[in-house]
Amino acid sequence: DGGITQSPKYLFRKEGQNVTLSCEQNLNHDAMYWYRQDPGQGLRLIYYSQIVNDFQKGDIAEGYSVSREKKESFPLTVTSAQKNPTAFYLCASRNRGLGETQYFGPGTRLLVL
Amino acid sequence: EDQVTQSPEALRLQEGESSSLNCSYTVSGLRGLFWYRQDPGKGPEFLFTLYSAGEEKEKERLKATLTKKESFLHITAPKPEDSATYLCAVQKVGMKTSYDKVIFGPGTSLSVIP
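Protein chains in written order, with the working numbering: chain A, 10 to 122; chain B, 771 to 884.
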């Protein structure tokens, strides 16, 4: 079964702590994305990667970091510099090319203790 | 400024009462318009991709249409299981990079009452 997996489903962060959200895909997609979703707002792009070992900042990258060492994996670290991290985080992937559809994982909800 | 808006913000329908959701966009260089369904606490599920004005796509009780400025998601004889948030997204060619940007609307929350 091809798809995108995210873990954990729920994550709790203490003040000053860095936490890492996992995203894995077995769709053989080149491009991967991280979005943040807040109530009443559209999805906002945090980081994206179009190829292994390369990634770019999205619209709200401050306080976040990523790596892309493998095609299948695109973990997101929420650092202590992100002052308002409580949100629903979504990972997506797609084939590169105009008009190609993005497919999403099930999401991780991050809560601050 | 590139923008995607959706209306209404929320819609409450009786089972069997057909209606339409609207997605309006002001984006230059459109390369695709996407509709997703999102259930509470879950990731968006892909429904349709539309590429050019006049195009239509159907799936069960849903039909998506596209004009040069907006898209409609028509829901015919909805059932309670159609209750979800419906997201619209527009893809455009990036101006400064090779990244083809996807801009999401805020969504329409649909409730279908038995």
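The hints are simulated quantities; they were obtained by calculation from the structure and are not laboratory data.
Don't be surprised by glycine CBs; every beta carbon is placed ideally from N, CA and C.
Wrong hints could be hidden among the right ones.
[As the list claims (entries may be wrong)] From chain B, some residues computed to sit far from chain A (all C-beta separations above 12 angstroms):
{"id": "1", "residue": "Leu781"}
{"id": "2", "residue": "Leu783"}
{"id": "3", "residue": "Ser798"}
{"id": "4", "residue": "Arg801"}
{"id": "5", "residue": "Glu815"}
{"id": "6", "residue": "Leu817"}
{"id": "7", "residue": "Ala823"}
{"id": "8", "residue": "Thr835"}
{"id": "9", "residue": "Lys839"}
{"id": "10", "residue": "Lys871"}
{"id": "11", "residue": "Pro884"}
[To be verified] Here are the simulated EDC-like pairs of lysine to aspartate or glutamate, each with C-alpha atoms no more than 20 angstroms apart in a straight line:
{"id": "12", "chain 1": "B", "residue 1": "Lys871", "chain 2": "A", "residue 2": "Asp68"}
{"id": "13", "chain 1": "B", "residue 1": "Lys827", "chain 2": "B", "residue 2": "Glu815"}
{"id": "14", "chain 1": "A", "residue 1": "Lys18", "chain 2": "A", "residue 2": "Asp39"}
{"id": "15", "chain 1": "B", "residue 1": "Lys862", "chain 2": "A", "residue 2": "Glu109"}
{"id": "16", "chain 1": "B", "residue 1": "Lys829", "chain 2": "B", "residue 2": "Glu785"}
{"id": "17", "chain 1": "B", "residue 1": "Lys827", "chain 2": "A", "residue 2": "Asp39"}
{"id": "18", "chain 1": "B", "residue 1": "Lys812", "chain 2": "A", "residue 2": "Asp47"}
{"id": "19", "chain 1": "B", "residue 1": "Lys812", "chain 2": "A", "residue 2": "Asp39"}
{"id": "20", "chain 1": "B", "residue 1": "Lys871", "chain 2": "A", "residue 2": "Glu24"}
{"id": "21", "chain 1": "A", "residue 1": "Lys66", "chain 2": "A", "residue 2": "Glu24"}
{"id": "22", "chain 1": "B", "residue 1": "Lys838", "chain 2": "B", "residue 2": "Asp772"}
{"id": "23", "chain 1": "B", "residue 1": "Lys827", "chain 2": "B", "residue 2": "Asp852"}
{"id": "24", "chain 1": "A", "residue 1": "Lys18", "chain 2": "A", "residue 2": "Glu33"}
{"id": "25", "chain 1": "B", "residue 1": "Lys833", "chain 2": "B", "residue 2": "Asp852"}
{"id": "26", "chain 1": "B", "residue 1": "Lys871", "chain 2": "A", "residue 2": "Asp63"}
{"id": "27", "chain 1": "B", "residue 1": "Lys862", "chain 2": "A", "residue 2": "Asp68"}
{"id": "28", "chain 1": "A", "residue 1": "Lys18", "chain 2": "B", "residue 2": "Glu815"}
{"id": "29", "chain 1": "B", "residue 1": "Lys812", "chain 2": "A", "residue 2": "Glu71"}
{"id": "30", "chain 1": "B", "residue 1": "Lys827", "chain 2": "B", "residue 2": "Glu840"}
{"id": "31", "chain 1": "B", "residue 1": "Lys862", "chain 2": "A", "residue 2": "Asp39"}
{"id": "32", "chain 1": "A", "residue 1": "Lys66", "chain 2": "B", "residue 2": "Asp809"}
{"id": "33", "chain 1": "A", "residue 1": "Lys18", "chain 2": "B", "residue 2": "Glu825"}
{"id": "34", "chain 1": "B", "residue 1": "Lys829", "chain 2": "A", "residue 2": "Glu109"}
{"id": "35", "chain 1": "B", "residue 1": "Lys827", "chain 2": "A", "residue 2": "Glu109"}
{"id": "36", "chain 1": "B", "residue 1": "Lys862", "chain 2": "B", "residue 2": "Asp809"}
[What the hints assert, rightly or not] Restraint-style ranges between C-beta atoms, simulated for each label pair:
{"id": "37", "chain 1": "A", "residue 1": "Gln50", "chain 2": "B", "residue 2": "Glu785", "range": "27 to 37 angstroms"}
{"id": "38", "chain 1": "B", "residue 1": "Pro778", "chain 2": "A", "residue 2": "Asn62", "range": "26 to 36 angstroms"}
{"id": "39", "chain 1": "A", "residue 1": "Asn62", "chain 2": "B", "residue 2": "Ser777", "range": "18 to 28 angstroms"}
- Task: Please work out if lysine 862 of chain B and aspartate 809 of chain B have their alpha carbons no farther apart than 20 angstroms.
- Result: Violated, at about 26 angstroms.
- Task: Given the hint of 27 to 37 angstroms, check if glutamine 50 of chain A and glutamate 785 of chain B actually sit that far apart at their C-beta atoms.
- Result: Since the Cβ atoms of glutamine 50 of chain A and glutamate 785 of chain B sit about 30 angstroms apart, the hinted range of 27 to 37 angstroms holds.
- Evaluate the given range 26 to 36 angstroms for the C-beta pair formed by proline 778 of chain B and asparagine 62 of chain A. Distance hint for proline 778 of chain B, asparagine 62 of chain A is violated at roughly 44 angstroms.
- Proposed proximity, glutamate 815 of chain B with lysine 18 of chain A (alpha carbon, max 20 angstroms): With Cα atoms ~17 angstroms apart, lysine 18 of chain A and glutamate 815 of chain B stay inside 20 angstroms; holds.
- Query: Can the restraint linking lysine 833 of chain B and aspartate 852 of chain B be considered satisfied, given a maximum Cα separation of 20 angstroms?
  - Reply: 13 angstroms, holds
- Just checking, arginine 801 of chain B versus chain A, shortest CB gap more than 12 angstroms? The claim is violated: arginine 801 of chain B sits with its nearest Cβ about 4 angstroms from chain A, within 12 angstroms.
- Message: Check whether the Cα positions of lysine 18 of chain A and aspartate 39 of chain A lie no farther apart than 20 angstroms.
- Response: 24 angstroms, violated
- Message: Just want to verify: lysine 871 of chain B was marked as not at the interface with chain A; is every Cβ pair farther apart than 12 angstroms?
- Response: Its Cβ does come within 12 angstroms of chain A, the nearest being 8 angstroms, so this is violated.
- Holds or violated: are the alpha carbons of lysine 871 of chain B and aspartate 63 of chain A at most 20 angstroms from each other? OK: lysine 871 of chain B and aspartate 63 of chain A at ~17 angstroms, within 20 angstroms.
- Message: Would the hint linking lysine 18 of chain A and glutamate 33 of chain A be met if the CA-CA limit is 20 angstroms?
- Response: Holds. Lysine 18 of chain A to glutamate 33 of chain A sits at ~13 angstroms (cutoff 20 angstroms).
- Query: Is the hinted pair lysine 812 of chain B and aspartate 47 of chain A satisfied, with a Cα-Cα distance of at most 20 angstroms?
  - Reply: 13 angstroms, holds
- Keeping to a limit of 20 angstroms between CA atoms, is the pair of lysine 827 of chain B and glutamate 109 of chain A held or broken? 16 angstroms, holds
Hints 4, 5, 6, 10, 14, 17, 19, 20, 21, 29, 32, 33, 36, 38 and 39 from the earlier list are contradicted by this structure; the remaining hints agree with it.
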